[in-house]
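Chemist: Chain residues, written in single-letter form:
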Amino acid sequence: MDETLGGADPRGRLWRRFVVFGVIIVLVVAALGARLFTLQIANGGYYAGLARENRLTLQPVRSARGLVYDRNGRQLVDNVPTFTVKVRPGELPMAQRPEVIARLSMLLDIPEPEIIETLDRGAGNRFELVRVATDVPTDVARVIAEEHLSLPGVEIGVEARREYLYGPLVSHVMGFTGAVTGEELERVGSLGYLHDDVIGKQGVERTYEEVLRGRYGVEEVERDARGEVVRVRRTLQEPEAGDSLELSLDVGIQQDAEKAMKWAMEIVGLERGVVIVMNPQTGEILAMVSLPTYDDNAFARGITSAQYQALLEAPGGPLKNYAISENFPPGSTYKLVTGTGALADGEITDQTMIPTKPYLSVGGYRYYEWNKQGFGPLDIYNGFGHSSDTFFYQLAGMLGIDRLAFWGSQFGFGERTGVDLPNEVPGLLPTSEWKRRVLNERIYTGEVYQAGIGQGYDSFTPLQVINAYCAMINGGDLYRPRVVRRILAPDGTVVQDFQPELIRKLPVDPEVLRTMRQASRRVLTLNHTYNLVDLPIVVGGKTGTAEFGIRDSKGRLPYHSWFVGFVPKDPQKRASDPEGMEAISRDDSELAVLAFAYDSRTTGNVATEVVKYFLQLHYDLDVDLRQRWLLERDNFYGQ
Amino acid sequence: MGTLRVQPARLSVLGGSTTSGSWNHFDLQLAFYALALTVVGLLMAYTNSEGSPLESGSVFTRGLMWLAIAIVLFTVAAAVDFRWLRTFAWPIYLVNLGLLVLTLAIGSGTGGVSRWVTIGGLQFQFSELAKILMAVVLASYLSRRQHRLKSAGAILGAGMVMAPPLALVLVQPDLGTSLVFGAMLFGTLFLSGARLRWLFLAAGAVVAFIPFAWENLLRDYQRARLYSFIDPTADPLNSGYQLIQSQIAVGSGGFFGKGLTNGTQTQLDYLPVQATDFVGATLAEELGFVGGVVVLLLFTALLWRVLLVGWRSQDAFGLAFASAFASMILFQLLVNFGMVMGMMPITGIPLPFITHGGASLTSLALGLGILQSIATRKGRQAW
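Protein sequence lines correspond, in order, to chains C and B. Numbers 1 to 639, taken from my numbering, label the letters of the first sequence in order. Numbers 1 to 383, taken from my numbering, label the letters of the second sequence in order.
Don't read these hints as lab results, they were simulated from the structure. Where a beta carbon is used, it is the ideal one built from N, C-alpha and C, also for glycine. Be careful, since some hints might not be right.
Unchecked claim - Quick look at which bits of chain B chain C covers, simulated, 3 or more residues with Cβ under 8 Å:
#1 36-47
#2 242-252
#3 284-292
#4 297-307
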């Protein structure tokens, strides 16, 4: 029996084993206890900190975006609460991705590739939310919320989106907000934008982004492991609502301007048209119409690729603001520069008579008068009034290209006006230096002639044209055009009241500009603009016909029509001033209006008819002088 | 008790005098420690219940129900003469293998494993029961060979007996439980007096087997868990995540803990499976160092009483069974609690009494019942 457990005292041997086992137990428990001590007592503070970090995170609190009003306090935009669908890619398992995307695609009516692209574009941290859809209907949001178990990583949020109350009417000025892109984030990164944030994309929404956005607050929230906020612990910084904008735009004037242009566009079948109304005394833009237009609400609601593609391909290119984002030859409107320059440089006086001819010959080329006949000897008033090409060829020849360019640049041509809207282009003002640099040639006399009548290389934005006229109209102050007058705090107090910003004072005797204003009146009194002169108010202005593109089979070029008009402060015609010359001589006009009709090719000057109709509407005139026959499609060639 | 007139078949062969059960020898301390640990487990169930703990179907109410079943099972096992178990060791062994095969055949689990069998809406993990049944079988096997324990043959034989259930559990796959089987085998052989040289040799063979097992038996996720144990920060969002979050949970508990249901790590779901394998983290986070030490001391006391029952039984079966039971508890405590504190790799081994689960609790109750049966029917056999 003793042999069985192999010793003289098997019970004793086993006892030793039990003791050893007991020691092992004590060692195990001691090791566990020691580890417990290390973790909880020795390093307890460290781990407590980690636990706090785990669940407590700082998160931004969105601020209410500022609103936008017109100059009369009419609200143009509202913030409306909507549902958004966002995805945290890091929480969407790869294996489930296809089915989740397919389901979202079905529910949200967004093509799958688009969702995939959105998710992949939101690079960076895979645990940041990526916005997939904005303005989701309530019932769809509810379905997604109910299916959250089978849609991992998908979150429904409530968020304010922009509702543009006048939509297409002011969308080129207003612009819109949209989901911030990676590029934009890089640009504004330090300003605390979120990956799923919105940012102003166009119009004043973009230029005044910082003003409108306000300041995001910061709060400390407790989250569970899925990232869901369990509760807000404290607010470290209250969000500050964005300030609001008061535009210089007047919705009423904007409506009149759009109505006038739309009327002509429909009759003629024009592709594009621009109307700008400004106050020459301040540089404020009262209306800026660029047709065709688009509804910025489409973007605010989260435009789909298909919708966006359709807008890109729509006739006329509705997404572009043609008032500032494209250059056109200014045609005869540019004779303002040539005439002012010749008078200011003393090449002529307002008495100087210059012979006009059927054409001028230079180096074997003929430069024709627009009526191919000439008008006989003319002074500056009648030269401008008849818009005589040979008259201004000769003035341009006297000035030479560089003096001509100097005067153009003094009027702001060839440089951005600095209007508070995005995507402005600078225009092209040719000089001899430019010709040499770009085309490696000296400039020819014929080209100088062309430049003198706003043809050839001359290429400017409609805003530059009207702004130049404003400087002439107000007696020589070139202002920076603006669409925003004031910045208002959320409580309505004025934060900033923008004063007229002078770009430069034209280096000319005010007499010269008075001469040009009178010459502008002569444009009407000579009936160059048909019955425009019959309006019961005094109007001055200048027409323009600008050839562009390629000659047709008869050697004719298509052309745009321009008209820039202005109305003195007290415009009613008076018996004491039958010609209106006294009124037009004043520099107190508070209304200048430009119309530009792209590729018009009509019997008469379409732009003039648009301005005429606009003035009738704006001044509520009891006459209707519109002449539809002037809007017949033709290849009328005149100035 | 009086009904148990029929003597267990083989008892006479051993020639020992028989004793009828005496409740005077009921080990109250052992029962108390076990109950205390179970109460701690219920507290954890309470704190880990989602929603109201008192709702039917919550972890807590299910825990109460299992406790009731466990008490019944314990009482029955304590009342039955343990020597019957030795008599029916082989049938028990076959039933055990059958249950494990059944688990493989119709069992379910997460991630392509089969661990649970659902009976009447309740999930049951037979591998838990298998531990106790194997303790019975092992004790029975060794008690019949107590005279030959010095030979390598008995050790090899014990290994052969243990091998089939171990393999069946391993292919579920449940690496943790198969390791528990291994620990029970070693612990029991050691305490039963097997030759150390054979034990060392067997241990050496196991170590030599590790590279082969690593290549051929471990699944990817198991390898990932082991890698993560070596460097938890290498893959902090997946397999290393639990280790890191668990240590944060334990560490942030501090001296007195955050208080029941106030654990942020566990209550906010930073730590997955806090109700089962990582219940120790909840415990340490909410009850702190004090709670952790109390639990460790309870385990120590429990183990001491278990070994004492075995020692005092003066019965080879009783001694071997108590050894197997103690080895099981100690190993599970070390691996589970160690895992929670980042000392051990992640394996699905429950913390005895505290991890929620009916199979674990009822199996432990069965084992404790058998121990009480041993305690109350001590053999008078001289060694």
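Chemist: Hints the structure violates: just list their numbers, smallest first.
Modeler: 1
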